[in-house]
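A.B. asks: Starting from the given sequences, assemble the full structure and let the hints guide the process.
Chains as they are written, first to last, in the numbering used here: chain P, 1 to 402; chain U, 1001 to 1694.
Some hints here could point you the wrong way.
Claimed, not checked - Every beta carbon over 10 angstroms from chain P, so not counted as near; a handful from chain U, in silico: (1) Asp-1104; (2) His-1213; (3) Lys-1369; (4) Ser-1388; (5) Leu-1437; (6) Leu-1439; (7) Ser-1604.
Said to hold, decoys possible - Straight-line C-alpha distance at most 30 angstroms; calculated BS3-like pairs for lysine-lysine: (8) P:Lys-96 - U:Lys-1148; (9) P:Lys-399 - U:Lys-1087; (10) U:Lys-1212 - U:Lys-1374; (11) P:Lys-96 - U:Lys-1087.
Derived from the structure by calculation, the hints contain no laboratory data.
Where a beta carbon is used, it is the ideal one built from N, C-alpha and C, also for glycine.
Below are the chains, spelled out letter by letter.
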Amino acid sequence: MEPTPAEQSDESQLPQIYWVLMDNQVTPFMIDFLTILKDRLRNFYRLNFQIPALCTQALEMAKPLGPSAFQVSSYTQNSMNVFLEKRELIGENEFKDGLSIWRTLLIDDFGLGNLHETRLHLEQDHNIVCFMLQIPTPLGSTEMEERIFYAWVYLANQLRIPVIGYELLPLETRWTLVPSMLDGIITVNRESYDYLRHLPDVKAPVWLLPDYEGRFFSPTTTHFWSNAKGGAYSLQNLYNLQPDTTVLYIPHNVAMSYEYKKLLRHLRHRAKNLHLMFSIGKDQVRGSFSQEETVELLSKEELPQFASYSFHDLNAPYEMTAADAVVACAHCYATLIAAGNRLPAIILDEGVPPNTRGNKVTVNSREALLSCVDELIAQHKQKTEFARIFLEIHRKKSKRSQ
Amino acid sequence: MKRFWKNKKVVASIALMHHTRFIIPIMEKLAEMGARIQYIVGQAERSQEITAVNCDIPYNHVFDYVKAGDRPEVREHYRRLKQVFEKAFLKSNRLGVQMLTVADKTLYATATEYVGYKNFIDTEKPDLCLALHETNRWGKMLGFWAKKRSTPFITLQEGLGYNEDFGYIGHAQFSTLNLVWGERIRNKLAGFEAPKDRIIPVGNTHIAQEIKHQRGSDLDEKLRKKYNCGKKSLILLIFSATIPSPEKMAALFQYVNQSRNTLLFIKFHPATPERKITEWQEGVSQSHPENIVYIHEQESVYTLIHACSLIALSEPSTTGIEAVAFGKTLVQLDLQLSYEAPYSYVENKVAKLLSPEVLADYLKNGRLKELESKPADIAAFMTNELSSTANAVGTVVDISRQTISANRFSPEPLGWEPGSPFYNWSIIICVKDDAELLLKQLELVACHSDETDSWEVILVKPDSVSRDTRAVLDSLSGNVRIINSDLRQWDMPGLMNLGARQATGKTLIFLSPGIAPTGDWLPAIRNGIDRFGSSSIFGGIVKNQFNNIVHAGMVVDTNFSPVPAYRHLDEFFPAANQTRRFQMVDLALAIDRNRFLHLSGFSSRAGNYCLLDLCLHAALTENSSHQAVLLSDLRLLKLDNNDTEYDPAHAIHFHSRWSGHLWDSEKKLYRTDGVSDLQLDAARMSRAIATAAG
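C.D. replies: Structure, rendered in structure tokens:
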């Protein structure tokens, strides 16, 4: 069953998301975002941040999240019994031409009778929806992170608690063992999402975070994104945006009122799926009309057809991070900022030849514009916010335990 | 010899730098003799390419043999491996010795290498493959593909081999032959599970040359000069993977520090990370800065051994045996380290076990002489550990030649024509010089061969036999012929062929020494011929005096060696008592005389493997996998408990010729028969108890 705020008034009774953080896995931006996320979900889930006691940097950085520290210990052994157990685990599996797998890999690569077990010392707890862990990658994780990661995955499997991994370093690599072992994979890069979704041996659901969440799980996050944290949530609340509504950022310019009116006339063919964020300047006054009024007056027929629209100060360009793309009628400051921050930008400019450069597309016809917008809408539908991911996991887990 | 090696291609897999010392001398010798040589390296966390570059040898990376078109196959293998390990990792945390992502890289590299080694063998078509061993994935995969392509694969010995036995499981699985240093390691490997007949002691392929090299140079003098040793007495302390804490060594360091006449070299294991060494050194340097020289890889350990008068080990290590071979005094330090190495130089009486404090006392009081081992103990140790200290490389090269020759062996026709058959059966027996056994065997032949049937007995005897045996032979009468051979050495196939030449039976029945018939054995063979045709080879169920199965058809075990099916079980164990085809039969064999001639008879080179060899040759000639038939109502008895005599030349010939044809069939047989391991264990246990109870 999904939790409801009314049922979950006592925080200690809330279903918990165990979120494991370690040194080398946190940035101040990420902590800021998680603080907001924790707050956003406070009526539904308790985000319980777990950090190994030896990760002093992460513990210090994550203080605003109120983390719990847990102890980790190692246990090693070397015996024939361990070897026999390992052999049993691999079984009589063979390569297709008949070469035994355990004989090929167990004696040297997988350490014969050597055992290295990482043990987690945790308080007894209940009502855990899932464990959240950063997915280690072959070219970017420390040994300590990896060992603790595996200890949690193993524990999750023992306790039948779903374990969800999220991407920090790109997962679009040839090595996919770790993603295959998870119950859910949260990606932040479209490449990883497309790649993992189509791998036949990755059975777990793969989600793609919207940029306004995913960007915080990247070592390349900038202040631009950090300044915008939570902006998308406010926009959703204010305009009651539905999950399937695609958001376009329109850097309106009064000097190009005609072109922007034409742009909206084109976009109205997809209007019910779109929310428009107009950027406006306070000094963009023409006669007695503010820029806001100019937009509303000139496009009074088109605007009501859209799901909703809003106006934003052009001096706060980071607000564009709440959008799926910037759509402009000429290259401008906003398209440059978008391109620099890896946000898609579509420029409808009949005066220049059409072209595509990275995530920036220049088109010169209505058809081409709508084709791009259709793709944006389709891509938007593929993105899932943390809150919806948690609900989905929770629903599945509840069903499984019924 | 040189002509033999011309245009022969030999490839060797190498991995760690410090292990190449065993392979490179062989390869260099082969190259010198005209062979084309090539090294292959695999993908590893510790680069094997660096080894090849440092050794300045021609090499290829196994990935060089994986082309774009192979990618789907690589992905398929990777997916398979991943499924297996993913399940295992989630089920238990026993496999977690490697980090997951390292495991993942290993799996992908393995999938790629699996295709790479196949392509490597198919592309290079070597005449011979060498590897240090096959307990890592590179050796195992190279061995597997070599065997698949019927290419001989020879492995060696990595080091002292002092670990627990189970660590060497599969040490000689795909290896056509495993050439080890001495009898001790052969027995150790075979004692656990390895096929003893394919493990041949040849000596250490490195040490003899190294001793010659060191003694013939002034490297020790240069070392002394480099480290300003003057006339100081030099001690070498060798650490293995575990570095003991400086505190444990304090007394020794203190002595060295204060001594004007001693310099201590501390040699770290090549695999020890530099960082670990620096940290350790810092701990020592604070209190003992003088007269200690730290060596990682900047000096040859052999120059150090040669230059030092005393060698001290922190753990049992291969360098210990090398130090003894150099004639140095060896000390095993008693450091109370926990390691699971059931090997002791001390127990072998070639080293003294001393704590660092006691060693320091010996040094202080100039009592080094007292630490020397007795020459007789050293000699016994060396014999057991190194079967040859002089020409191991030469032996390996010679065995390699025999291996390649056997691999391409094609028997010569016997050169005689079959006459018209006179008897139905010719029973051919080689006379082993054991009068009692021979008499019993002949009594049982007479007793169980129907007088109304037409048969003859042909006894072929070697050049000389004892008086007792001669007396038995002289006492025989009736349809028995005794053929004298001039063979001075025991040559079963030679004697059998000689008997066959004289035989006038339509069907030849060969009985190994000590094998005798029971029951109506000739009608059983006749029924077999009626049912399966006269072109088949027939064998029977052989039991021993305890009524346990000695032979019920030959299968190939997990190490790809022929073994009797259902051995040690009760002779009437239901699954074993079935008439059916096998790849081989042993100990006794019936074959149509014309067919025997067509197959060129037994191969002398196969020695005691000659019956198996004939079955395999028959199957090869007929392009079929199974030419032999086990007749469940053909019952035979093994009269003695003797094992067949072992001659490495025969093992070399048999395994080199047939390696590509011998694949695990034992498990398959038991699976087909619906017999579980548990049932087999229980049945063997019950037979063991019954046998012990008499």
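A.B. asks: State for each hint whether it applies.
C.D. replies: Going down the list of hints, with the structure as the test:
1. Asp-1104: Not fine: 4 angstroms to the nearest Cβ puts U:Asp-1104 too close to chain P.
2. His-1213: Correct as stated: the minimum Cβ-Cβ distance to chain P is 31 angstroms, above 10 angstroms.
3. Lys-1369: Per Cβ check, U:Lys-1369 is outside 10 angstroms of chain P; nearest 39 angstroms; holds.
4. Ser-1388: holds, 28 angstroms
5. Leu-1437: holds, 41 angstroms
6. Leu-1439: Given that every Cβ of chain P is farther than 10 angstroms from that of U:Leu-1439, nearest at about 48 angstroms, it holds.
7. Ser-1604: holds, 33 angstroms
8. P:Lys-96 - U:Lys-1148: holds, 13 angstroms
9. P:Lys-399 - U:Lys-1087: Holds: P:Lys-399 and U:Lys-1087 sit about 24 angstroms apart, inside 30 angstroms.
10. U:Lys-1212 - U:Lys-1374: holds, 23 angstroms
11. P:Lys-96 - U:Lys-1087: With Cα atoms ~18 angstroms apart, P:Lys-96 and U:Lys-1087 stay inside 30 angstroms; holds.
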